[in-house]
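S.K.: Whenever a hint applies, use it, and build me the whole structure from the sequences.
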Amino acid sequence: MDVIKFPQNSEKPVENSNGYWITKWDGVVNTSREGSENSPASKKILNYVTDLLENIVPALNKNFSRLYAKTESSEAKLKSLSLKIEDTHKILDKEDGEKQEELHSEIEDMGSKIDSMEATLKQLNSWFSFAIKNRG
1 MDVIKFPQNS
11 EKPVENSNGY
21 WITKWDGVVN
31 TSREGSENSP
41 ASKKILNYVT
51 DLLENIVPAL
61 NKNFSRLYAK
71 TESSEAKLKS
81 LSLKIEDTHK
91 ILDKEDGEKQ
101 EELHSEIEDM
111 GSKIDSMEAT
121 LKQLNSWFSF
131 AIKNRG
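1 is the number of the first residue of the sequence shown in this note's numbering; add one for each residue after it.
Don't take every hint at face value.
Unchecked claim - Listed below are the simulated DSS-like cross-link pairs for lysine-lysine, each with C-alpha atoms no more than 25 Å apart in a straight line:
id, residue 1, residue 2
1, K99, K113
2, K99, K84
3, K79, K94
4, K94, K84
Don't read these hints as lab results, they were simulated from the structure.
M.R.: Next up, the structure:
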């Protein structure tokens, strides 16, 4: 198809168109009245569009089927990855909780050791005070 000109109105006539469709298919000029579905030009346009759709639609279906399959595959991979991330977070949270408990336990142990050292220092201080008072 070389050229398809749209219907002309009386304000802008094109080469004696007078309300006709002027179509040029492979060098052959066809004319038909506006609204005429059975004209040679209308039939050629309809056949052209039909052929185009018959060739395009199956290819589109095939491509969309592939795309849909890839999308489903990607969704499954994303879901799997999401589950792995959740599992990793659970493990990290568990390890973090265990480490926090361990640190709290160590802090409590250090606190009791400090209390024990403080009591020992107080005892030593009282002995030194007693020794200094009774030295003489």
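S.K.: Does each hint fit the structure? Answer for all of them.
M.R.: For each hint, the structure was consulted:
| no. | hint | verdict |
| --- | --- | --- |
| 1 | K99 / K113 | 21 Å, holds |
| 2 | K99 / K84 | 22 Å, holds |
| 3 | K79 / K94 | 22 Å, holds |
| 4 | K94 / K84 | 15 Å, holds |
Every hint, counting from the list given before, is met by this structure.
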